[in-house]
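In order, the protein sequences belong to chains A and B.
According to full-length UniProt numbering, the first sequence is numbered sequentially starting from 1.
According to full-length UniProt numbering, the second sequence is numbered sequentially starting from 1.
The set of hints was computed from the structure by calculation and includes no laboratory data.
Some hints here could point you the wrong way.
What the hints assert, rightly or not - To give an idea of the chain A side of the interface with chain B (calculated C-beta under 10 Å), a few residues: (1) Ala48; (2) Pro71; (3) Pro73; (4) Gln80; (5) Asp82; (6) Gly120; (7) Tyr128; (8) Gln171; (9) Ile216; (10) Thr220.
Since we're looking at a predicted model, the values are computed, not measured.
Ideal placement from N, C-alpha and C gives every residue a C-beta, glycine not left out.
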Amino acid sequence: MLNVEGLTIRVGARAIVTDFSCTLEQGRITCLIGPSGCGKTSVLKWLAGILPPAITADGAITLDGQPIVRPHPDLAYQPQSDALFPWLSIAGNAALGLEMAGRSRKAARAEVVAHFGAFGLAGCEDLYPEQISGGMRQRAAFLRTIVQDSRFVLLDEPFSALDAVTRLRMQDWLCARLEASPRGVLMVTHDLHEATQMADRILVMSAGPGPLVADIPILTPRESRTEAALAETRTLLKSLLLET
Amino acid sequence: MQSLRHILPTLLLASALLLGWQLYCMMSGVSALVLPAPTEVLRALFVERARIVPHALSTIWVASLGFSMSVLFAFAASVALHFSPWFQRGLMPLLVASQTIPLVALAPLMILWFGFGLLPKVLLVILVTFFPILISLLSGYGQVPQAYLDLLTSMRAGRLRIFRRATLPMARASFFAGLRISATYAIVATIFAEYAGARQGLGIYILTAKNSFRADLVLAAVVVSACLTLLLLGALRGIERLTEPGHRRARHAER
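Only chain B is shown next, with the shape it has when bound in the complex (with noise of 0.2 Å):
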């Protein structure tokens, strides 16, 4: 009951959306192939799903692999820019200016110097989706207050005890909200990359329709995309409740 009452708004604000959508497609006369209409997108949808789960299938196993990747990647180098901050002080600047790298140009290359296999697209979504994590991370440990660092030095911990017992703990809210941001632009990135060139996933799905003029099929893919999107979204919330330190549960026992 809770939950629905949480979704309510947006629902409600979507179904205005596809309404006004739909009335405006059967009031103004827009050809359909300009702009169809949600029960024609949902309608290809449906008449296409045999097509679109095989692409879309590809689509989620590379934004997954190279999310993962991400993760381990970024959680490592997080490691090592906490642990030293010369090295800190010097790549960051650098990473900051590669993620001013447009996602346009650094596709093609991609494909140009890995081929059109696995690897350019999981190499895209690690680009991609490894910065917001690593910044999170970051963040993260630079949050635990003074006097929990001053009470584990007090204690005789050594820097490695500290970072497990105060500062990988404090930072985990921030990590999960760096993943979340990093997830909506994993799928983004695979279907950039898949569009630049690849065999299966729905980049190349869009790109097929676009060139057959079928904005119905765009479209249908473009739900499909956000429909994944969810989908990673929900999977990491789970990891989260599931993983999530007994005083939250507590706190979400007691609500």
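Pulled out of the complex, with its shape left as it was, chain A reads as follows (with noise of 0.2 Å):
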């Protein structure tokens, strides 16, 4: 279990995050949703290890109850954009994570490529990037996030740049892969009808600084959930967006 307790992100002296505290579980989705500008990257980056230096956060992490100095091994994170570096293959892309945490080249790309059937992305294994969809290269870009078999995986709206029918295939897919390898898992999004759709947990931000909105729980399984009760928890989403 990853908890976070009071954290505070300021840029300069200005507060953007105040009082966030959450706490991730291994095998749950959890979506982090919020006005645009509220400090829902900034949360996310923070947790990764990736603030940039002029943006300064206080704050206690810990995983299992030990306090955790990040970037951290279990803490797997995936930017906004795929990310797929232009010059490598799918295959080389998939790998990176592998190679960053000490595996040969040769042996990181022998663990990815059995993963590329499952991940639809059977045959595009000596493929660049630029020669794939943009669905294909999502898939690459969870593929490298997914290997490095951390417990956690951290989301910056990974489907932003996916069309409309691609995203809602990718969400049914990820959910898929997910119960095929669980994590926990932290996503950012601005989309409500993709968190109800896929959340176990959705965390709401206020516009300005100070603690969670709100902390919505869905307990219902995802292939049970009725488009009844998810439009009424978007609806519920969309009045608590609008307050703040």
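Build the complex: two chains, separate frames, hints provided.
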């Protein structure tokens, strides 16, 4: 279990996030929503240990009760864009995290190539990012994140660059992938539909600095969620967001 | 076929220019001592070929040596400046100021300080070509998307690893653009250094021809110098194509 307590983030003297606390559980998807500029991405970057030096942050983070230093091998981060390096093949890109963790290029490649079928990328091993579709690129980015074998995954609007149909397909696909290899997921999103469809829990951030506006658990399993229930949650989220 | 279509506009314009020049010389009655026609320049080049070739070889040797050393120094300096922002802030204004020193002042000084050997010429080429390469590298280093840096940092990659895996590959295109600019300067700088004082080279050949009022020979040397620049640019293009990463090769293959 990953615990964040009393996180405050400042840009110069201005606080953009104050007193943010949350708990992430293994095998559950938590969505972080809030108005633009409320600091969602900053929270995610703080967790990943990649906040720029100009932004200061103060807060406690523990993993199973133990304080951790970040970047941490149990926290894999995926930026908003797929961030595939154009000069690396898809296999090379997918293997990047493993290589950074100390595996040889050959071993890392062999390990990721074994997952290409499951990620819908069979035959793309030696292609380059510009040669495949947006959805495939996103799957390659997920593969790069998932193979790192971290217990928690931090996703920054992973579907924002995709068209509507690919987006819906990818949401279902990611849920299925996470069921096959469960991780604790914290996903930043702007899309209420996406949040209600995918999340086990939704955290709503306020527009100004302040603690969470709401922490909404969605207990119904994803496959049994009815459209009426989803719409009800979306209405609730919408009113919460408009209020903030 | 594609490359022919690519260079066709240049060929046509160059031909039109040469034709205009030739017609002007034929019709205006201008003295060949002042403005020789292109055909006379070509004839001079053919007649003088045995004399020009050793000079041209000397020039290309000095230019290539100076240029290669400049690339090495510029790369080393770019890495040092990239990893030390303090050093970069301190040194960049000085480097920019150094570019304002006129070549006409620098070339005689080099001869004065280092004699008529290889060293002053190579130094002059380095001084002239170093800056564009350095700037292109530093600008390339600055083009890495933040997402790449974030991604590698989150994977616990150190600064050196980030440099090797993202910053350096990202700077490749910019580096070659800087090389192409510098390559054209390299030949000009060599000729200038030779002009200021040398035993061999196109610069000294041009000086001798000028002193004998042989405009045709001066222009013949200009043609050779242009060919040398094209040769250097062609060699760079070859290196760029040979070392290009897979995604660029794949792009070319698709065309």
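Cross-check of the supplied hints:
1. Proximity of A:Ala48 to chain B holds as hinted, the smallest CB-CB distance being about 4 Å (cut-off 10 Å).
2. The interface hint given for A:Pro71 holds, since its Cβ lies 5 Å from the closest Cβ of chain B, which is under the 10 Å cut-off.
3. Checking A:Pro73 against chain B by beta carbon gives a least distance of about 7 Å; that is within 10 Å, so the hint holds.
4. Because the beta carbon of A:Gln80 sits about 7 Å from the nearest beta carbon in chain B, less than 10 Å, this interface hint is met.
5. A distance limit of 10 Å between C-beta atoms decides the matter here; for A:Asp82 the minimum to chain B is near 9 Å, and the interface restraint holds.
6. A cut of 10 Å between beta carbons decides the hint on A:Gly120: the least distance to chain B is about 21 Å, and the hint is violated.
7. A cut of 10 Å between beta carbons decides the hint on A:Tyr128: the least distance to chain B is about 4 Å, and the hint holds.
8. Interface restraint check for A:Gln171: the shortest CB-CB distance to chain B comes to about 21 Å, outside 10 Å, so the restraint is violated.
9. At about 28 Å, the closest approach between the beta carbon of A:Ile216 and any beta carbon in chain B exceeds 10 Å, and the interface hint on this residue is violated.
10. Taking 10 Å as the C-beta cut-off, the interface hint given for A:Thr220 is violated, the closest approach to chain B being about 33 Å.
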